[in-house]
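Trainee: Here's the letter readout for the chains.
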Amino acid sequence: MISLLLIALPLLAAAAAFAWPGERTRPWFLPAAGGVHTALAFWLLANPPVLARDAWFGFDPLARAVLPMVSLLFLVCSIYGVSYLRLRSERKNRVFVTALLVMIGLLSLALQAQNLGLLWVAAEATTLVTVPLLHFNRTARAFEASWKYLLVGGTGIALSLLGSFCLGYASLHGGGNGDLAFTALVAQGASLTRPWLITAWVLLLAGYGTKMGLAPMHTWKPDAYGEAPGMVGALLAGGTTTMAFVAILRVKQVVDAAGAGDMTERTLLAFGLFSMVVAALFLLTTKDYKRMLAYSSVEHMGILAVGAALGGAGVWAALFHVWTNALTKGALFLSAGNLRRAAGAQTSDLVSGLAWRAPVSARIFVAGLFAVTACPPFGVFFSELKIILATFQMDNFFAATVFLGCLFFAFFGMGRLVFAIVDGRPRTANRPPGERIPEQPGVILPPLLFLGLSLWLGLAAPALLRAAWTAAAAQLPLPPP
Amino acid sequence: MSGAMNLLIGLAMGFSLVALASSRLPSVIRAAAFQGMILGVLPLLLEAKFHWLVVAVAIGTITVKGFVIPSLLRRALRAANIDREVEPLLGFVPSLLLGAAATVGAAALATVLPLRPEHARSLLVPGAFATVVCGFILLIARTKAISQVCGYLMLENGIYLFGLLLINSTPLLVEAGILLDLTVAVFVIGIIVDRIQREFDTLDTRKLNSLRE
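Keeping their order, the protein sequence lines are chains A and B.
So in this note's numbering, the last spot in the first sequence is 481, and the numbers never skip.
So in this note's numbering, the last spot in the second sequence is 213, and the numbers never skip.
Next up, chain B with everything else stripped away, as it sits in the complex:
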């Protein structure tokens, strides 16, 4: 069980790096979507017996992270009719190297933090921290609004991964509320992207610079 889980978490970490290395927006969106779907499967592996709430959480996560949000992002991409190049502030190789360094750092951090025996051999904690940091890098090292949204999505994915540590202890009410809230957050971001496009005819956040000292 834990072998399969670690494999999937490793794959998810790989998709963070794929997103960092992609030069085209559709492939960044795809990487984030695949990562979201992998995360959706994880709760099923984590639970020994099939509880309907866990299944519902898994289906909800896969639908939202894997299909709804990516299709919203693609729609924004089409509506904006923008150039699909990513335009990094920080080059692909440096961001990839940073992402790799973050992954190593996360693994190192996870060995420092004490873990419960059942989590000791799992990649959940390093995977979560690595995904959060990669999301951060994507968020700040890219100029286009859509890639920033993808970065935010990966940040969320990392946090979700960490939340799996607590899936048995926190009431599912909180879990469901969290899922809903994060979804709406990205939804609203999508709408704003749409608005920004209408106002500026571009999704380049470097143009958002009239408010400054």
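Looking at chain A on its own, in the form it has when it is part of the complex:
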């Protein structure tokens, strides 16, 4: 019942926000819905419900392990959103607020979906509802970003539908009834026809990998994250990608149950390491600090894929990393949004000395840099450490070497750019030198809160969360020794 509320409540709030007449008061729907949503999600985290066997959706262990994070991410972003939309009062916010609320409702549906078809419908709808969010600034560059997002993301989502059909046919051909419910597919196990199963895995990995932003299907990401408002970037990097990762985990569970676990692990490891290498190379050269966050996201999606490929302890660490990465990225995206407004440009060619012009946001951005590049005691350090330990446990020293090398280059590349824009003589594109930007608490406290959450996860991840990750990792079968 409550799992239905998680989906229905934001959708109802979206309808109400759409009908609401007051332009200035409408943004308050975001934190109101976000607050109730988070409370419900954490209540379910503490009191996991028993799932009916034939349910279309429900708060199963995997949803329990990640949905509260998405909820929390949305809540903090929505607090930021109220101040942000007040700062941007020249833009109408009806579509923006509605689309955000629909997005969190659809994400709750996708994360809880127990049926591959339903999961696909939710993922497709999430893709569509993101377009007006990317489009918020209505500049030529925002149009270009939305167009590429829709074309690349739409193709990816089309491939994942084809993959879902192939999995259905694998079941039908193997003597099943073509039911796309995950429990039915797992139960059918080895009787799924092998060639169709492999085709399905390739297509689904390519499709949901596009949504997740694994290289080489990541090309929409820098454009979208570069042009979207900061809070939308945070929700894409922490919410939509998490949805795609969970989709891949659920499909992997089916393919593993059918006895093709070796293949899923090899392909995920290859995609993961390749994403990390590509991201590290681009991080060394990019001059745009918002696009930098996109490449950092590609890198962390690679880390998640590597974790998932390692099975058992690796999956546990990957779920931990889903939390630490998304919340740390939240701090980075929101402070980057503040810096973008203060500077009027987003490349190191045009901007420097932001530590003077927007001191608090710049400090948060620097702290976020250290947090996301895995400096202790932030959460990312511990989750990445667990993944590296898992590679050693599997005696995969090649993966460990590439992993550590990419982390080093990513740190180097990001550090270079962040200090280039933060240090130096104040220089911006849009304001006379010597003018300081007032930084309201409404846009400062949310990224600080994210940094605090990242620290909290690193220093004292609560036992309840650890138990949730353990339960979810146990749901996925362990790799053969």
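Any given hint might turn out to be false.
What the hints assert, rightly or not - For the chain A half of the interface with chain B, some residues (derived, Cβ under 10 Å), not all of them:
#	residue
1	W147
2	K148
3	L172
4	H173
5	T193
6	R194
7	P222
8	G226
Worth flagging that the hints you see were computed from the coordinates, not collected in a lab.
Each residue gets a CB set at the ideal place from its N, CA and C atoms; glycine is no exception.
Place chain B on chain A using the hints.
Mentor: Chain B alone, transformed into the frame defined by chain A:
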């Protein structure tokens, strides 16, 4: 029954090649529309007895793929007042040859993949894969936004064709949701095309190149 079906699927595959070979946007749109209408008829042939849901799916598909989306695309074409030439990145003959090769490849792939006895003599699987690949070629080998949308439409058509294999087993809820979603996807693409036009006064996606490293 299966003879008539194979004929129609063959026709649909032919329209993919027509779209690849067309040098004018209206004929690309027309090819995609005809292909969509043919696909709409197929569920009626597939079912032995007339079930009202199947009829509804067929009518919905024909209306949307055959009329609604093409008219949206034509409207975008008129509103943008653009030159109707296609401007390929890859020439017509090479793309046609690629499309033909893809069709042969799809037929070869379909013989490798095991099929249920009732599908063994049907062109559904090769038709689906060939249409998907032709859609892909159209998507990446053309520069104008409208022809890219047509490519996406053909990609969708191929997937729909494949979905027919499962029409008896997947609940129609999923089928209907899929149809709705894909329609809205193209609808939104259409709106964006409109916006791009206003911003750039052209539908040439080669001009969309300010975001790069």
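Trainee: Against each hint, give a clear statement of whether it holds in the structure.
Mentor: Outcome of the hint check:
Taken as an interface hint, A/W147 checks out: its beta carbon lies about 6 Å from the nearest beta carbon of chain B, inside 10 Å. The beta carbon of A/K148 comes within 7 Å of a beta carbon in chain B, closer than 10 Å, and the hint placing it at the interface holds. Using the Cβ-Cβ criterion of 10 Å, the hint placing A/L172 at the interface with chain B is satisfied: the shortest such distance is roughly 6 Å. Taken as an interface hint, A/H173 checks out: its beta carbon lies about 6 Å from the nearest beta carbon of chain B, inside 10 Å.
The beta carbon of A/T193 is positioned within 10 Å of a beta carbon in chain B (closest approach about 6 Å), and the interface hint is therefore held. Look at A/R194: its Cβ gets to within about 9 Å of chain B, closer than 10 Å, so that hint holds up. For A/P222, the interface hint holds, since its Cβ comes within 10 Å of a Cβ in chain B; the closest pair sits about 7 Å apart. Contact between A/G226 and chain B, as hinted, is supported at the beta carbon level, the nearest pair being about 7 Å apart and thus within 10 Å.
The structure shown violates none of the earlier numbered hints.
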